[in-house]
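Chemist: Each chain, letter by letter, is given below.
There are 2 protein chains.
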Amino acid sequence: MEILVQKYGGSSLANADRIRAVARRVAASRDSGRPIVVVVSAMGDTTDDLIELAQQLAEDPDDRELDLLLSTGEMISCTLMAMTLRHMGHEAISLTGAQAGIRTDSSHRRARIVAVDPSRVHRELAAGRIVVVAGFQGITEEFDITTLGRGGSDTTAVALAAILHARTCEIYTDVDGVYTADPRIEPRARKLDEISYEEMLELAQQGAKVMHPRAVELGSVYGVPIVVRSSFNENPGTLIHGETAMEIRNKVRGIAHDTDVAKVTVVGVPDRPGIAASLFRPLADANISVDVIVQNASIQGTTDLSFTVARSDLNRTLRLVQPLTGELQAADIVSSTDLAKVSIVGTGMQHAPGYAARMFKALADRNVNIDMITTSEIRITCLIDAQQVSDAVQALHETFQLDKADL
Amino acid sequence: MEILVQKYGGSSLANADRIRAVARRVAASRDSGRPIVVVVSAMGDTTDDLIELAQQLAEDPDDRELDLLLSTGEMISCTLMAMTLRHMGHEAISLTGAQAGIRTDSSHRRARIVAVDPSRVHRELAAGRIVVVAGFQGITEEFDITTLGRGGSDTTAVALAAILHARTCEIYTDVDGVYTADPRIEPRARKLDEISYEEMLELAQQGAKVMHPRAVELGSVYGVPIVVRSSFNENPGTLIHGETAMEIRNKVRGIAHDTDVAKVTVVGVPDRPGIAASLFRPLADANISVDVIVQNASIQGTTDLSFTVARSDLNRTLRLVQPLTGELQAADIVSSTDLAKVSIVGTGMQHAPGYAARMFKALADRNVNIDMITTSEIRITCLIDAQQVSDAVQALHETFQLDKADL
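Here the protein sequences line up with chains A and B, keeping their order. Every letter in the first sequence is one number past the one before it in our numbering, and letter 352, counting from 1, is 352. Residues are numbered in our numbering as their position in the second sequence, beginning at 1, plus a constant of 1000.
Careful, some of the hints might be misleading.
As the list claims (entries may be wrong) - Some chain A residues near chain B, calculated using beta-carbon distances under 10 Å: (1) Thr47; (2) Leu50; (3) Ser71; (4) Leu80; (5) Ala134; (6) Asp144.
Said to hold, decoys possible - A short list of chain A residues far from chain B (calculated; beta carbon distances all over 10 Å): (7) Leu53; (8) Leu57; (9) Asp60; (10) Asp62; (11) His87; (12) Ser94; (13) Ala98; (14) Tyr222; (15) Ala277; (16) Glu327; (17) Pro353; (18) Asp371; (19) Met372.
Since the hints were made in silico from the structure, they are not lab data. Quick caveat, the model's predicted, so the values are computed rather than measured. Where a beta carbon is used, it is the ideal one built from N, C-alpha and C, also for glycine.
Make the full structure from the sequences, and use the hints.
Modeler: If you want it as structure tokens, here you go:
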């Protein structure tokens, strides 16, 4: 029988009562007869508490040391979950990331999974046990413990689901699924029953917090059906899977927004080849993601080059870019943090014209000024004033009739 | 240059300030140029807190699960120590028990070390690093994490010192060393500069808490010189090593006492062979240590058989022994917990008569009644009333002139 992989986040495991509630849910799924692998995050604020403890002793703790420290959070929650399941009368066993065969490279704090050896998991499942795996962690060839960085536990779950050919990977969180927009901003936002990997990836990359883009991408590559649902109720959630009725569903699927945006403009650089490369190479080397990039039309041989980064990366970005002004012959470098991105996403957009025009008109009608624009095949993103995010999201939700159910 | 192994207990690592103080001490030792391996226990009450957390979720948590849970305590303290040392400008790396090559059997909660693979430790030392090892833990052939039970971190330290052919294994604790008696009971108790493995083993087994007998025994087998000293001052501590001037030092070395004693008496059993075996086999199988055993002289073909166990084992002992009364044809089983053991220990005793007589007279002079007596080659133990422990220890300390310095 096909395996079911379930992942529970830290807020679903914040205390003994919640751990018991999750264990009851796991047990109920197990009672259906299906083999189950459960991936857990660290309880509640454990990870933050451990980082605080480390910073009391070392301003800038070593990444390898921090990884071993942080990995204990998931070890604790996986043993507690296994104990609780056993106490309820179910066969269960906890496995660390290493024991579950999660092999990674040695980039501490943001390790990538290079292989999964599922032999121990298979053996324990064959013995009739519920297997509880510590998420967010793996082990290098040198037997050093690594953590996977942001979205780590989701990634562990999807990687295990892929290697185990699981029927689905269920991601349990504190919301009911993927919404057409953030319900805290747009009360008429509607939960989607299903969405394609590509759409989910764009939404996640443009600020939808429900799942990390990295785990969505892995699911897409290996064709793992992912269900995002709440651990606090029985609602069916949202299925993320391969493309379905693309040509029929000629629509915008969702609206993402992101206020964690800082904009940097390099003013008055000579318009010659190689400028962008010499600007962005050092940022890439420093692991800073550059998002929207816009180069203004050349005026008298010089141009302005603007790009956005995460707000937390702004200081590092400026430290890296400022020394280059001489080399770039730039007049000035200016930055701003009172900006936000708002995006419309939908597979249907790529072969149907007019979405951009409708988006710009909807924003203009609400007096939302557009600072920069960037597009992909299935997405249009506008950079706007941070104060106008709610207005913009609501306007777009209405214009594209996202409160109406799918066909 | 010969390696130095240092072990720091939980009270020496109870908070950030103490961790820093220990790190400074480690760094000072390192500055002498000697390669250093540091073994750490879990911080303060971490282990108790983790057990409490487990018991909120499962009345009787599984031993394998509990082992993974408890092992996180030492992982946390070893990473914090390594970070602190790095922050102070020293090269340092933390290793889990598994990474340090501590291989054990699969008896969870009380695993025995079966081998130590020191290759990673050697590699890190060769790279000039201080190696900080999580004590109390190991790994099985199946890659399951085990804990070593009582005295576990001391045992890790001595095992590493043995395999690394370390010059000494320093056990840092909250007392200055090994005393002639418990200084809280006998204010004139004197710290010993040195003591033999055999004497320390007897003292530890008879209630001296400063080191666990298991680690002393391992040190004895591999000839590891052990120094017990305080982490809170610079006093030199006590050296535990092979026998020295045995024939000259014809003396009692120390007095141990133990109030964790319960006595069980099987009354009126027929005096025939095999009685003791059928009584003690089930206790051994249940891992209950039976200490003093006394069989009274046979009166009219029946005898009383008394033995002591740790107080915490009394209920389990009675549950195992009571069903045997029929088989043993015993008249009754009675137990008592208001007892204590007091022992004199000294290698010099074994070839010099008269120690027992002096001990009994000293106790009689203070009106201390002796309930049972047991001896080894270098020890005499009396079971007495728990109320009279202080009187007994003080009387013996005076009689054997333990406040006087060694030759």
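Chemist: Tell me, in ascending order, the numbers of any earlier hints that this structure violates.
Modeler: 1, 7, 8, 9, 10, 11, 12 and 13
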